[in-house]
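Chemist: Sequence:
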Amino acid sequence: MPSESRIEIRLPNIDFQDNLEVEMIYIVIALCALVTTIFACRYYAAKILLVEHDIDKAIARKFESSGKAIELAKLREENAVMRNLLLDLLENEVAFPVQQATVSVDDLFRMKATKIQRYREILAESRHVLQQREASRVSGLSSSLKSTERRM
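Taking this note's numbering, the leading residue of the sequence shown gets 19, the next gets one more, and so forth.
What the hints contain is simulated information worked out from the structure, not anything from laboratory work.
Among the hints, erroneous ones may be present.
What the hints assert, rightly or not - Taking CB as the label site, the calculated pair distances span:
#: 1; residue 1: Ala153; residue 2: Ser84; range: 19 to 27 Å
#: 2; residue 1: Ser144; residue 2: Ala63; range: 21 to 29 Å
#: 3; residue 1: Arg151; residue 2: Asp72; range: 44 to 52 Å
#: 4; residue 1: Glu89; residue 2: Ser144; range: 46 to 54 Å
#: 5; residue 1: Arg94; residue 2: Glu139; range: 38 to 46 Å
#: 6; residue 1: Ser83; residue 2: Tyr44; range: 52 to 60 Å
#: 7; residue 1: Ala153; residue 2: Leu104; range: 20 to 28 Å
#: 8; residue 1: Glu70; residue 2: Ala48; range: 27 to 35 Å
#: 9; residue 1: Glu39; residue 2: Tyr62; range: 33 to 41 Å
#: 10; residue 1: Ser154; residue 2: Ala58; range: 52 to 60 Å
Just so you know, even glycine gets a beta-carbon here, dropped at the ideal spot from N, CA and C.
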């Protein structure tokens with residue numbers, strides 16, 4: 019009888035080891051699937067980035083070949099000019115001292131005259147820029163009308 023009890027004890031141990039091996043196989047398969055999924059996702063993400071980069075290049079090429087790029091460059095330049103004019107206006111306002119107690123009357127009068135003169139110069143320059151912009155738009159419209167007439 020003692021040998022029979024040993025067999026009974028060993029049988030459950032063998033089943034436990036078999037179950038453990040089967041569970042480990044499932045764990046290894048799950049880990050392999052997880053690693054494969056991660057690498058596949060990274061591959062497709064990199065592929066998507068390359069495609070997006072190619073699309074951006076194609077859009078940039080089309081945009082450069084159109085007249086919109088030139089128009090955008092002109093608008094950026096006009097924007098920079100107007101921004102500089104506004105900065106000049108602000109600098110002109112700041113140039114006038116806040117505390118006027120230490121300034122003589124002649125200096126104060128001269129500073130006011132200089133400020134007004136600079137303000138007029140800035141306004142004249144702004145007017146000139148706006149007139150140039152308007153003239154370029156009118157000439158652009160007339161040239162586009164002429165090109166449509168030629169096509170007909």
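Chemist: Give a verdict on every hint.
Modeler: Checked hints:
Roughly 23 Å separates the CB atoms of Ala153 and Ser84, a value that falls within the hinted 19 to 27 Å. About 50 Å separates the C-beta atoms of Ser144 and Ala63, a value inconsistent with the hinted range of 21 to 29 Å. Arg151 and Asp72 have their C-beta atoms about 37 Å apart, which leaves the hinted 44 to 52 Å range violated. Range check, Glu89 to Ser144: Cβ separation about 21 Å, and the 46 to 54 Å hint is violated.
In this structure the hint that Arg94 and Glu139 lie 38 to 46 Å apart at CB is violated, the actual value being about 24 Å. Look at Ser83 against Tyr44: about 58 Å separates their beta carbons, and that is inside 52 to 60 Å. Between Ala153 and Leu104, the C-beta spacing of about 22 Å keeps the proposed range 20 to 28 Å intact. Checked against the given bound of 27 to 35 Å, the beta carbons of Glu70 and Ala48, roughly 33 Å apart, stay inside it.
Between Glu39 and Tyr62 the C-beta distance comes to about 35 Å, which sits within the given range of 33 to 41 Å. Taking 52 to 60 Å as the suggested C-beta distance range, the pair Ser154 and Ala58 conforms, at roughly 54 Å.
Taken one by one, the earlier hints fail for this structure at numbers 2, 3, 4, 5, listed in ascending order.
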